[in-house]
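Engineer: Chains as they are written, first to last, in our numbering: chain A, 1 to 499; chain B, 500 to 614.
Honestly, I wouldn't trust all of these hints.
What the hints assert, rightly or not - If you want the footprint, here are the derived chain A segments under chain B, 3+ residues with CB under 8 Å:
(1) 228–240
(2) 322–333
Claimed, not checked - Among the chain B residues that face chain A by a calculated CB cut under 8 Å, a handful are:
(3) 502
(4) 511
(5) 513
(6) 531
(7) 534
(8) 535
(9) 571
(10) 586
Stated by the list, open to error - Pairwise CB distance ranges, derived in the manner of DEER restraints:
(11) 568/B to 384/A: 55 to 63 Å
(12) 28/A to 567/B: 29 to 37 Å
(13) 384/A to 547/B: 35 to 43 Å
(14) 420/A to 507/B: 49 to 57 Å
(15) 502/B to 269/A: 52 to 60 Å
(16) 510/B to 21/A: 43 to 51 Å
(17) 609/B to 199/A: 47 to 55 Å
(18) 62/A to 582/B: 54 to 62 Å
(19) 568/B to 409/A: 32 to 40 Å
(20) 497/A to 523/B: 29 to 37 Å
In case anyone wonders, no lab produced these hints; they're calculated from the structure. Yeah, the Cβ is synthetic: ideal placement off N, Cα and C, and Gly gets one too.
Residue-level listing of the chains:
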Amino acid sequence: MKLLVLAPILAPLITAALCLLAWQRMWLQRAISLLGGVVFTCSSVALLGYVYSYGIVVMQPGNWPAPFGITLVADLFSAVMAAVGSIVGLAVLIFSLTGVDQQRQQGGFHPLLHTLLLGVSGSFLTGDLFNLYVWFEVMLISSFVLVSLGGEKAQLEGAIKYVTLNLLSSALFLAAVGVLYSTVGTLNLADLAVRLGDADPSGAPSVAGRILLIAFGIKAAVFPLFFWLPASYHTPPAAISAVLAGLLTKVGVYAMTRVFSLLFPLEGDSTQTLLLWTAGLTMATGVLGAAAQNDIRRVLSFHIISQIGYMIMGLAMYTPLALAGMVFYLVHHIVVKTNLFLVAGIVQRLRGTCDLDRLGGLYRDKAWLAFLFLIPAFSLAGLPPLSGFWAKFILARAGLEAERYLIVAVALAVSLLTLFSMTKVWAEAFWKVPPAQDTPATEIEGSEGLRWMVVPSAALASLTVAIGFAAEPLFELASATANQLLDPKQYIDAVLGGA
Amino acid sequence: MELLLAITVGALYAAGFYMILRRSLVKLIIGLALLSHAANLFLFTVGGLTRAGVPLLDGVEPATTFADPLPQALILTAIVIGFGVQAFAIVLLRWVYQTTGTDDVNQLQTTDIGS
């Protein structure tokens, strides 16, 4: 059953290769892509089920014992992330069949999407710091091409900023890897955790920890390092924005959590204070930035930043409940944020724009779309009984228990502002009378293939509602994950002991 | 030797960051290239320099001093990745120049100001 760890990596790899072979035959490429996506999702969900019932799964693909060879590890956190990632990946894939134009699909959209998913699941499942760097690069290079695919002016302008800041972050990550290897002499995460536990906490390794914090901070778009995100995420077509918004920054959060639970546990040191401040400022700047925007996708891009703040808040408080809240929040956020971008894509298809000034009257024309928007939007703002309410409730509760009142106050205020900005989108795009001058001319062309764009969006919306009404199982899972994160010994024993 | 390499790495980092902060797109790419070289050389230096003891095995006996092969393997991987990424960045730069007609980074603001 150890091969199950390999499945979420092999499935997108093989699919991407087969898609490349079927380059000329679009129908075949779509069929392979869809089939591969289904296999990928099934294998990731199966992996989660397996890890939940039987504990951490470790595999040494080269058959070298643990600290020497390449290690793949699926603990609960990895498996949860991989499973949720694959679900939204599949949703975006179905959406893109008609939601991405022919030219882009023929230009390699499908193989690129699968290599992106390959990089994402590889990052979640690797047990080695340098391999994490390599998977990050796999993910980044495909996202670079996806961001610029199609070559519109705005896309290319966004891509330049996206590429520059992400390469900068990779260079920093590499430097931190070097420092850690030279001082500790290993790059296997479990082995690093053991040796760092014995090392002098004030020496060179802690410098590496700070460099990693900055490198992952850029990827996760936290407070002073987020500027690439609002400059680039709204420029590509909605399907591409959706997968980037749903997954990429969250890989940064994942890496940060892994490093600051396993390698440098956050126990009352200065990093914890730093992270708490970062979390608060990230939440506040993100939501204030969103309030000033006037385009649905730009509003949503800024909200990603603000939501990242909540996750960092969960990590920074570092209590079992707070980490459970973070995991819950990650799951909720990935589903909801991807869905909001998909809805924005449907709006774009129907009206030809996402500019709030030029939209209006969508509720009158397309009431179903309004509800499709309302579910994730209210969930994002944290209205009961949707998934966002529980996520925020757990985090706020954890904050009160840890007596960190300031950050809880910030989190609640930001939540209100999120609601404000969602109602603004609602009022402008759906409720108000449409501006007379450009009534939809794209409607006829747009409605073709719309069904396949609505289905994944509706599926994700029902997932949000399902999480909201049955929060208990997910909370159980999140608590188990948090306990595993807080007890690195389980991870270390699984990797080093049983090999 | 370490001192010389350390100074070189520092100079490369400084030059890389300086070039990234310039307004020209070409200089931006040069800056990114310098920065990735700086990171690779840093990895090489910090991984420990060993002179005149390259192979792991000296005949049949394990050699007493040998160079650690792992940092070199890491650098090789990083160089290959860096090569690919820079090749893409150059194509992207040309594409941006063709589409927008400018190589001044300050002109690339339309996505920030809004349409």
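Engineer: Hints first: check each against the structure and report whether it holds.
Structural biologist: Structure-based check of all given hints:
Under the rule that three or more residues need a Cβ within less than 8 Å of chain B, the assignment of the region 228–240 of chain A holds, with 5 such residues. Only residues whose C-beta sits within less than 8 Å of a C-beta in chain B count toward coverage, and the region 322–333 of chain A has 0 of them, not enough to reach three; the restraint is violated. A distance limit of 8 Å between C-beta atoms decides the matter here; for residue 502/B the minimum to chain A is near 16 Å, and the interface restraint is violated. Annotation: interface hint on residue 511/B violated; nearest CB of chain A at approximately 11 Å, more than 8 Å.
Given the 8 Å rule on beta carbons, the hint for residue 513/B is violated: about 13 Å separates it from the nearest Cβ of chain A. Taking 8 Å as the C-beta contact cut-off toward chain A, the hint placing residue 531/B at the interface holds, the least distance being around 5 Å. Nearest Cβ of chain A to the Cβ of residue 534/B: about 5 Å, under the 8 Å cut. The hint holds. Annotation: interface hint on residue 535/B holds; nearest CB of chain A at approximately 6 Å, less than 8 Å.
A distance limit of 8 Å between C-beta atoms decides the matter here; for residue 571/B the minimum to chain A is near 12 Å, and the interface restraint is violated. Hint on residue 586/B is violated. Least Cβ distance to chain A is approximately 10 Å, over the 8 Å limit. A C-beta distance of roughly 58 Å is found between residue 568/B and residue 384/A, which places it inside the suggested range of 55 to 63 Å. Judged by the Cβ atoms, the range 29 to 37 Å given for residue 28/A and residue 567/B is violated: they are separated by roughly 48 Å.
A C-beta distance of roughly 57 Å is found between residue 384/A and residue 547/B, which places it outside the suggested range of 35 to 43 Å. For the pair residue 420/A and residue 507/B, the beta carbons lie near 53 Å from each other, so the given range of 49 to 57 Å is met. Remark: the range hint 52 to 60 Å for residue 502/B to residue 269/A is contradicted by a beta-carbon distance near 32 Å. With their beta carbons about 46 Å apart, residue 510/B and residue 21/A fall inside the hinted range of 43 to 51 Å.
Residue 609/B and residue 199/A have their C-beta atoms about 49 Å apart, which keeps the hinted 47 to 55 Å range intact. At roughly 25 Å, the beta-carbon separation of residue 62/A and residue 582/B lies outside the given 54 to 62 Å, and the hint is violated. Taking the beta carbon of each, residue 568/B and residue 409/A are about 54 Å apart, not inside 32 to 40 Å as hinted. Roughly 55 Å separates the CB atoms of residue 497/A and residue 523/B, a value that falls outside the hinted 29 to 37 Å.
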